[in-house]
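Here the structure of chain A is known, so what remains is to put chains B and C in place on it, guided by the hints.
Protein chains in written order, with the working numbering: chain A, 4 to 313; chain B, 4 to 313; chain C, 4 to 313.
Honestly, the hints are just simulated from the structure, not real lab data.
Note that the Cβ used here is the ideal one computed from N, Cα and C, for glycine as well.
Hints should not be assumed to be uniformly reliable.
Stated by the list, open to error - Taking beta-carbon pairs under 7 Å as the criterion, some of the chain B residues facing chain A (in silico):
no.	residue
1	Gly-44
2	Leu-52
3	Ile-76
4	Lys-94
5	Asn-95
6	Ala-100
7	Glu-199
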Amino acid sequence: MKHLLGIEGLSVAEITKILDLADTFAEINTRPIKKVPTLRGKTVINLFLEASTRTRTSFEIAAKRLSADAVNISGSTSSTTKGETLLDTAKNLQAMAPDVIVLRHSSSGAPHFIAKHVDAAVINAGDGTHEHPTQALLDAATIRKHKGKVAGLTVAIVGDIAHSRVARSDILALTKLGAHVRVAGPRTMLPVGIEEMGATVFERVEPAVEGADVVMMLRIQLERLGGAGLFPNTREYSRYFGLGPRLAATLKPDAIVMHPGPINRGVELDPAVADGARSVILDQVAYGVAVRMALLYLCGGGASSAAAEA
Amino acid sequence: MKHLLGIEGLSVAEITKILDLADTFAEINTRPIKKVPTLRGKTVINLFLEASTRTRTSFEIAAKRLSADAVNISGSTSSTTKGETLLDTAKNLQAMAPDVIVLRHSSSGAPHFIAKHVDAAVINAGDGTHEHPTQALLDAATIRKHKGKVAGLTVAIVGDIAHSRVARSDILALTKLGAHVRVAGPRTMLPVGIEEMGATVFERVEPAVEGADVVMMLRIQLERLGGAGLFPNTREYSRYFGLGPRLAATLKPDAIVMHPGPINRGVELDPAVADGARSVILDQVAYGVAVRMALLYLCGGGASSAAAEA
Amino acid sequence: MKHLLGIEGLSVAEITKILDLADTFAEINTRPIKKVPTLRGKTVINLFLEASTRTRTSFEIAAKRLSADAVNISGSTSSTTKGETLLDTAKNLQAMAPDVIVLRHSSSGAPHFIAKHVDAAVINAGDGTHEHPTQALLDAATIRKHKGKVAGLTVAIVGDIAHSRVARSDILALTKLGAHVRVAGPRTMLPVGIEEMGATVFERVEPAVEGADVVMMLRIQLERLGGAGLFPNTREYSRYFGLGPRLAATLKPDAIVMHPGPINRGVELDPAVADGARSVILDQVAYGVAVRMALLYLCGGGASSAAAEA
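Just chain A, with the same shape it has in the complex:
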């Protein structure tokens, strides 16, 4: 496994291998000494040219627990690139001989582009409205843990499907693993042709979540609501597409509730549900570190370097 650019290029066997490895690292993360020497002497560059504290933190902790040297470059530090092209930035970093470049970028396809030009492994930490594969993998790991499997489950994804790279990667991953994926959201937030990805489309949330094993609520970008937005306001959004106690009471008894975070409490998700017994949101975060450890291990040459040291 060289890069992790998207769910699109992954086979079911590869996804399963990542999830199995993530389970191992999840166990390591519960130990008093949460560190393995696997990537000692390796350099991981977290190149976040779009702001993201939590994903960057998750990758940084993952790298450090594998004993890699983690170096952060973040776009919000401004002037990061002084007008340099992304390709020049990537080639320059490559010249510093990193083993892995983790890239978050506001342009769809940016990680695929640089992967063609660098020797380092490239991991996509979210590119534009395209993919967010590590989120989909941590979601799949969380579902598998709580349900024992993914195949055959019904998963409802609710929110702004059209602009969500999380939704896109989740649909790809979960349908590959055999789940039945439903999506629901305001008509203005449903992309054209989504059925071709294998998802069933609903314009109302109630039928979408009915009988679902997993309900995944997406974070709504508040700037897409009101005035020139795609939906009147947060109150309306919450009423028609939010998950509150009343709707939650109609779910299957053992349905779990997920959210990629950060939550807009009271908008897409009611606090009572977010903190309720069905919520597995914090397990998602925990698997975030474990899945990223698995990917850094696989892409960063953990296996081969472990052999080299032995």
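Quick look at chains B and C alone, frame taken from chain A:
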């Protein structure tokens, strides 16, 4: 010892234990190899949601010298929390299995609040106008080093007492350790009821520092001076409440001068005094690293993990 | 070797020693495990009070590959110093017992100033319009690698010579090593008295690069062009002082092309040349890490600490 939330909850025995341990780490910090393996495999998150380069640097160096993995999250990187509540931020970080969360926050009580909701140890690196316990401990360590003891000493704290978490924590720590604490400042900067904390109040600086063994000058927030502020201007402030050579000449021969930094040179403290023989300001900074090493060691499970490795 | 403040104070023997050591580290950087324990237990503070992602990243990677603890303080995080003087900042950092302080500062002479007041080794990572010695050393290392030597070569440096600390350090380093240095640029960008540094001055680029073994194109500060600037506009600049395919075709067959980065593509350097066979720009970046490892090793007490551990 689970958390360090404030001086308020500490016993004299606990404070003494921290100071003793800090002396040990202060010695380690003078060695060519300034690193011990105590917190190897532990994760320390420095969550600074209020800007502070020097305290963050001090904690980061302390964590690294104990071999912990240190991860910085700083609020000035903006968008840190994307409107997320502090509780959600804390729970999310907890899900990444840190051992210690060091929190600086503009709201009084923030560390106490998150400590109730996370498994990690929480260290208060300054909360609103409430407490700054690591500053008080490093101040106590510095005084003890120079005076051999704290009990029985007279300590004068001068400046904006009302808005200073440093003053509050220092009063608590030093009175617990048996010092006589005097405070002095403009009437608008003296809090109501401070005598109940055990301090003697002066509205003029001269009698406050007369005969004192320790004179601690606080940094004045320049925005509190002038126009709508609590005192006319910096020149007046300096004249009435600053420590210049003339006032310094009236101090006890062996009195030491302290300041939590950064100094407004020429305002609350004259350069000649800041850099003079009485000044122990840089010892405070050095003890800052040592005291934080002691606290990370105690809260981060250093002792138990050392045992686990043996 | 205590500090690295500039090329000015270095002997040819010292420069050669640094370049030889850089070659060793360049080799280490090609290994699967790119890490040596030399600076274990040492603290390197990267104090960048002027924004610079790439130089900071290069130093950070260099420090980590030597197993030092690297701590970044960057001015773009704002409020870094809260109005504190540079001297106070330096003394405070010194009190935290770092082994090396790497300083980038907008004021010429800042590193020399703090070096007088701290025990730590100081490395100049660029000071105002004065020097950028690590850039000159990596340039020399790159030239030596590609040409086998520096002495006797003709090196043309083209661009805004007057405002470039890179040009200044390069002229000093390369003339010391026996190269013939030519400089070319718009008259407004040529400093008075540059001949005294040993360089030959050209007001047109064509004769400057004719017969040169090395052509070094400087990054033009775009704000110096147009309106109130020193040259009409980017198009004119490119036409008269840029290196495009036509001019490149007139170079010596084995001439190499260099650039300190980041490149303004199409302004001072045409993409076809930047990415062409003559370009050694990415080798410069690679030597950046290696040269900085060499300097951290020499200044950070690598040799003595290695002995102490043995």
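Hints and how they fare:
{"no.": "1", "hint": "Gly-44", "in the structure": "holds (3 Å)"}
{"no.": "2", "hint": "Leu-52", "in the structure": "violated (11 Å)"}
{"no.": "3", "hint": "Ile-76", "in the structure": "holds (6 Å)"}
{"no.": "4", "hint": "Lys-94", "in the structure": "holds (6 Å)"}
{"no.": "5", "hint": "Asn-95", "in the structure": "holds (5 Å)"}
{"no.": "6", "hint": "Ala-100", "in the structure": "holds (5 Å)"}
{"no.": "7", "hint": "Glu-199", "in the structure": "violated (38 Å)"}
In summary, the numbered hints that this structure violates are 2, 7.
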